[in-house]
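Engineer: Protein chains in written order, with the working numbering: chain A, 1 to 291; chain B, 292 to 638.
Heads up, a few of these hints could be off.
[To be verified] Keeping only pairs whose Cα atoms sit at most 20 Å apart, straight-line, the calculated SDA-like set for lysine to any residue is:
#1 B:LYS637 <-> A:TYR62
#2 B:LYS495 <-> A:THR146
#3 B:LYS373 <-> B:ASP354
#4 A:LYS55 <-> B:LYS634
#5 B:LYS634 <-> A:PRO60
#6 B:LYS637 <-> A:ASN243
#7 A:LYS67 <-> A:GLY152
#8 B:LYS494 <-> B:GLU611
#9 B:LYS487 <-> A:TYR61
#10 B:LYS368 <-> A:LEU30
[Stated by the list, open to error] For each label pair, taking beta carbons as the anchor points, the in silico distance ranges come out as:
#11 B:ASP354 <-> A:THR16: 51 to 57 Å
#12 B:LEU491 <-> A:THR191: 58 to 64 Å
#13 A:PHE111 <-> B:LYS440: 47 to 53 Å
#14 B:GLU401 <-> A:ALA119: 40 to 46 Å
#15 B:LEU375 <-> A:TYR133: 52 to 58 Å
#16 B:GLY497 <-> A:ASN273: 44 to 50 Å
#17 B:PRO452 <-> A:VAL116: 37 to 43 Å
#18 A:VAL277 <-> B:PRO452: 55 to 61 Å
Keep in mind the hints are simulated off the structure, nothing from the lab. In this text the structure is predicted, and so the values were computed from the model without any measurement. In this text, a Cβ means the ideal position worked out from N, Cα and C, and glycines have one as well.
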Amino acid sequence: MITHRRTALALMLPATIMVLVFLAVPLLLLLRYSLNRFVPGQFMVEAFTLDNYAKCLTDPYYFAVLKTTLLMAIGVTVTCLVTGFPPALYLTRATPRFKAILILAVILPLFVGNAVRAAGWMVAFGQKGVFNYLLELIFPLSSPLTIMYTPGAVFVGIIAVNLPFVVLTLQSVLEGIDRSSEEAALSLGATPFEAWRLVTLPLAIPGVLAAAVLCFILTMNAYATPVLLGGPRFQMMAPVVANEVLNQNNWPLGASLSFMLMLVTLLLTAIANLVVVRRYSHKGCRESGKH
Amino acid sequence: MVHKWTRRQFNTALAASVSLASVGLPRARAATGPVVVGTWGGDYQNLLQKYVADPLLAPKDVDVIYDTANDTVRKTKLMAEKRLPRGSMDIVALTASGSYEMWKNGTLEEIDANAIPNMKYVLPKLKTRYSVPHIYTGRVILYNPARIKVKPDSYAALWNPELAGHIGVIDIQYQTTIESAAMINGGGLNNYEPGKAKLLELKKMGVKVYPTNEAMAQALKTEECWMCIMWKARGVMWQNAGIPIEIANPKEGIVLYVSEMAMPKNAKNKDAAYAYLNAVLEPQPQREFAKNMGYNPTTSNAGLAADMAARIGFDRAIEERFMVQDQEYLAQNDPQLQEWWNKVFKA
Numbered sequence: 001m002i003t004h005r006r007t008a009l010a011l012m013l014p015a016t017i018m019v020l021v022f023l024a025v026p027l028l029l030l031l032r033y034s035l036n037r038f039v040p041g042q043f044m045v046e047a048f049t050l051d052n053y054a055k056c057l058t059d060p061y062y063f064a065v066l067k068t069t070l071l072m073a074i075g076v077t078v079t080c081l082v083t084g085f086p087p088a089l090y091l092t093r094a095t096p097r098f099k100a101i102l103i104l105a106v107i108l109p110l111f112v113g114n115a116v117r118a119a120g121w122m123v124a125f126g127q128k129g130v131f132n133y134l135l136e137l138i139f140p141l142s143s144p145l146t147i148m149y150t151p152g153a154v155f156v157g158i159i160a161v162n163l164p165f166v167v168l169t170l171q172s173v174l175e176g177i178d179r180s181s182e183e184a185a186l187s188l189g190a191t192p193f194e195a196w197r198l199v200t201l202p203l204a205i206p207g208v209l210a211a212a213v214l215c216f217i218l219t220m221n222a223y224a225t226p227v228l229l230g231g232p233r234f235q236m237m238a239p240v241v242a243n244e245v246l247n248q249n250n251w252p253l254g255a256s257l258s259f260m261l262m263l264v265t266l267l268l269t270a271i272a273n274l275v276v277v278r279r280y281s282h283k284g285c286r287e288s289g290k291h
Numbered sequence: 292m293v294h295k296w297t298r299r300q301f302n303t304a305l306a307a308s309v310s311l312a313s314v315g316l317p318r319a320r321a322a323t324g325p326v327v328v329g330t331w332g333g334d335y336q337n338l339l340q341k342y343v344a345d346p347l348l349a350p351k352d353v354d355v356i357y358d359t360a361n362d363t364v365r366k367t368k369l370m371a372e373k374r375l376p377r378g379s380m381d382i383v384a385l386t387a388s389g390s391y392e393m394w395k396n397g398t399l400e401e402i403d404a405n406a407i408p409n410m411k412y413v414l415p416k417l418k419t420r421y422s423v424p425h426i427y428t429g430r431v432i433l434y435n436p437a438r439i440k441v442k443p444d445s446y447a448a449l450w451n452p453e454l455a456g457h458i459g460v461i462d463i464q465y466q467t468t469i470e471s472a473a474m475i476n477g478g479g480l481n482n483y484e485p486g487k488a489k490l491l492e493l494k495k496m497g498v499k500v501y502p503t504n505e506a507m508a509q510a511l512k513t514e515e516c517w518m519c520i521m522w523k524a525r526g527v528m529w530q531n532a533g534i535p536i537e538i539a540n541p542k543e544g545i546v547l548y549v550s551e552m553a554m555p556k557n558a559k560n561k562d563a564a565y566a567y568l569n570a571v572l573e574p575q576p577q578r579e580f581a582k583n584m585g586y587n588p589t590t591s592n593a594g595l596a597a598d599m600a601a602r603i604g605f606d607r608a609i610e611e612r613f614m615v616q617d618q619e620y621l622a623q624n625d626p627q628l629q630e631w632w633n634k635v636f637k638a
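Make the full structure from the sequences, and use the hints.
Structural biologist: This is the structure we're talking about:
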């Protein structure tokens with residue numbers, strides 16, 4: 001038993017050291033920076049102050065940026081789940097050969113980096129881009145639509161980035177669900193929608209939660225897509241953090257904004273986990289009690 | 292007759308000759324080895340390699356290594372390495388504001404002009420104690436002559452209500468945009484505050500904000516934007532690329548953009564760094580930067596062709612009124628200017 005535990009510890013050690021060195025230490029360093037002061041012309045001056053956090057919390061500008069980021073993250077997550085579930089379910093039920101081709105089709109966009117994909121959208125969304133060209137063909141008199149540098153462009157761009165992750169996560173969980181449960185519901189008189197709502201969905205909740213968390217975190221921290229498609233007037237948290245650090249050299253404020261972003265993301269992810277798990281475990285008990 | 296030296300006589304003679312050699316003679320700089328140049332990438336770095344490193348330094352056994360990043364990263368690096376005895380860069384390319392800021396923070400070496408023979412050709416207006424001016428251009432107005440029939444002669448032309456909706460500004464040029472607005476609203480190079488109110492008027496008129504210079508080039512090309520404020524070097528390059536624009540000089544004066552090179556105090560190979568600084572001022576690379584990037588030479592002996600000089604430069608009367616930014620004002624105010632730009636103007 002002791003040998004087994006030692007082996008387990010030994011196996012965990014390299015990963016633990018990696019996490020400590022490459023994640024925990026930089027985070028601690030960043031935490032320390034967030035307590036420093038920024039003096040124009042002198043950059044970061046060593047101090048122990050909570051002024052940067054106070055600025056993050058009280059300045060309406062940062063609050064508005066956080067609100068935009070949250071709304072975008074929630075909107076993208078809901079859209080990705082709604083549009084990603086049907087293809088994931090279809091993938092699960094496809095024949096093995098066709099499934100391999102479909103999975104490749106889902107994975108293929110991930111071979112191209114976010115920035116490159118955003119650049120592609122820029123070409124499509126421009127005033128003389130593909131989208132407006134097609135619109136002009138259909139409605140010859142219409143003036144070109146302004147799509148670039150709008151929240152809508154960012155929304156579409158982030159969905160395109162996140163959707164493959166959502167589909168693959170959902171598909172991996174749906175694969176593990178025994179189809180006979182759904183067939184049993186159908187044989188007992190449930191409509192296909194009821195069978196999905198009352199049987200498949202509750203069983204797939206761990207996957208839905210995992211996909212939602214992944215999608216939410218990716219959107220909260222999105223950088224390339226908001227910068228390239230949102231333009232100068234559309235602000236999300238990650239570009240604002242980068243701007244403070246890279247353009248203003250204001251490391252203390254950039255660091256405290258990073259921690260705010262991390263805290264909000266962690267908090268909301270934890271709350272979502274608690275709420276969903278509690279709701280579905282209760283529902284599961286209630287449903288099983290009924291029968 | 293052969294004189295036989297005793298060991299003591301030989302040692303004495305050797306010591307005396309070494310002492311004599313070191314007295315009254317200039318320090319011979321052994322400019323060899325690696326020199327790390329912190330610079331912007333792209334065309335700028337390619338031209339440095341092609342016209343400075345390859346032809347002028349490689350034959351002297353100076354091996355040029357590039358540390359490519361934007362200038363903010365270089366400034367952060369200089370500050371972070373300030374206390375180290377040896378830094379990671381030997382040469383650092385910065386804007387005039389950046390090098391001033393770094394000099395004030397004590398990270399840059401005072402330049403020994405005697406170690407740079409080409410320094411005597413540098414235009415006096417561009418000289419500083421802590422940097423070598425590499426290339427320069429001036430701020431002008433770019434406009435579409437097909438859409439705007441009267442050539443603008445002032446930054447105020449951007450506020451013409453008839454052009455509302457067709458004027459653009461560039462996000463990363465926030466500082467110079469506020470400065471230009473200040474220059475027509477009672478402010479100046481040491482007071483940008485009046486520019487803020489003026490820019491809010493432009494905002495009300497529906498000004499477009501483009502994220503980068505390249506996005507502005509695209510907007511000018513598609514005629515989405517008809518007029519903007521820009522560096523003349525960019526204007527010339529955009530004309531070469533077929534973008535339908537003309538260049539106009541604002542009567543408020545031409546404010547210079549100077550790209551500089553400096554040496555960190557803790558540079559590892561200062562001799563090679565001096566050789567590098569001298570090489571960038573040589574006539575050939577100065578001409579090539581003018582030809583390929585549209586920037587003016589910072590030296591008087593570059594021998595630029597008359598037509599090229601006329602195209603990228605300014606006439607004598609304007610040159611005499613060249614304006615240089617107040618670096619101390621910018622060092623103190625840039626963060627609040629950018630904050631205002633982000634929170635108020637762009638909001």
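Engineer: Against this structure, judge whether each hint is valid.
Structural biologist: Results for each hint:
1. The hinted pair formed by LYS637 of chain B and TYR62 of chain A meets the criterion: a straight-line CA distance of about 14 Å does not exceed 20 Å.
2. Only pairs whose Cα atoms come within 20 Å are accepted, and LYS495 of chain B paired with THR146 of chain A is accepted, the gap being roughly 19 Å.
3. Proximity of LYS373 of chain B to ASP354 of chain B is assessed by CA-CA distance (about 24 Å); at most 20 Å being required, the pair is judged violated.
4. A threshold of 20 Å between alpha carbons decides the hint, and for LYS55 of chain A with LYS634 of chain B the separation of about 13 Å falls inside it, so the pair holds.
5. Of the pairs offered as hints, the one joining LYS634 of chain B and PRO60 of chain A holds, with about 9 Å between alpha carbons and a cut-off of 20 Å not exceeded.
6. A C-alpha spacing of about 14 Å is found between LYS637 of chain B and ASN243 of chain A, which places the hinted pair at or below 20 Å, so the restraint holds.
7. This hinted pair checks out: LYS67 of chain A and GLY152 of chain A have alpha carbons roughly 16 Å apart, not beyond 20 Å.
8. The hinted pair formed by LYS494 of chain B and GLU611 of chain B fails the criterion: a straight-line CA distance of about 34 Å is larger than 20 Å.
9. Between LYS487 of chain B and TYR61 of chain A, the direct Cα distance comes to roughly 18 Å. Compliance with the 20 Å bound is thereby established for this hinted pair.
10. Of the pairs offered as hints, the one joining LYS368 of chain B and LEU30 of chain A holds, with about 16 Å between alpha carbons and a cut-off of 20 Å not exceeded.
11. As the Cβ distance of ASP354 of chain B to THR16 of chain A is approximately 41 Å, the hint placing it in 51 to 57 Å is violated.
12. LEU491 of chain B and THR191 of chain A have their C-beta atoms about 59 Å apart, which keeps the hinted 58 to 64 Å range intact.
13. Taken as a hint, the range 47 to 53 Å holds for the pair PHE111 of chain A and LYS440 of chain B, whose Cβ atoms sit roughly 51 Å apart.
14. Between GLU401 of chain B and ALA119 of chain A the beta carbon distance is about 44 Å. The supplied range of 40 to 46 Å therefore holds.
15. Between LEU375 of chain B and TYR133 of chain A the beta carbons are some 56 Å apart, a value that agrees with the proposed interval 52 to 58 Å.
16. Distance hint check: the CB atoms of GLY497 of chain B and ASN273 of chain A are about 45 Å apart, consistent with the given range 44 to 50 Å.
17. One distance hint, 37 to 43 Å for the beta-carbon pair PRO452 of chain B and VAL116 of chain A, holds here, with the actual separation near 41 Å.
18. At about 60 Å, the beta-carbon gap between VAL277 of chain A and PRO452 of chain B stays in the expected band of 55 to 61 Å.
Against the hints set out earlier in the document, violations occur for numbers 3, 8, 11.
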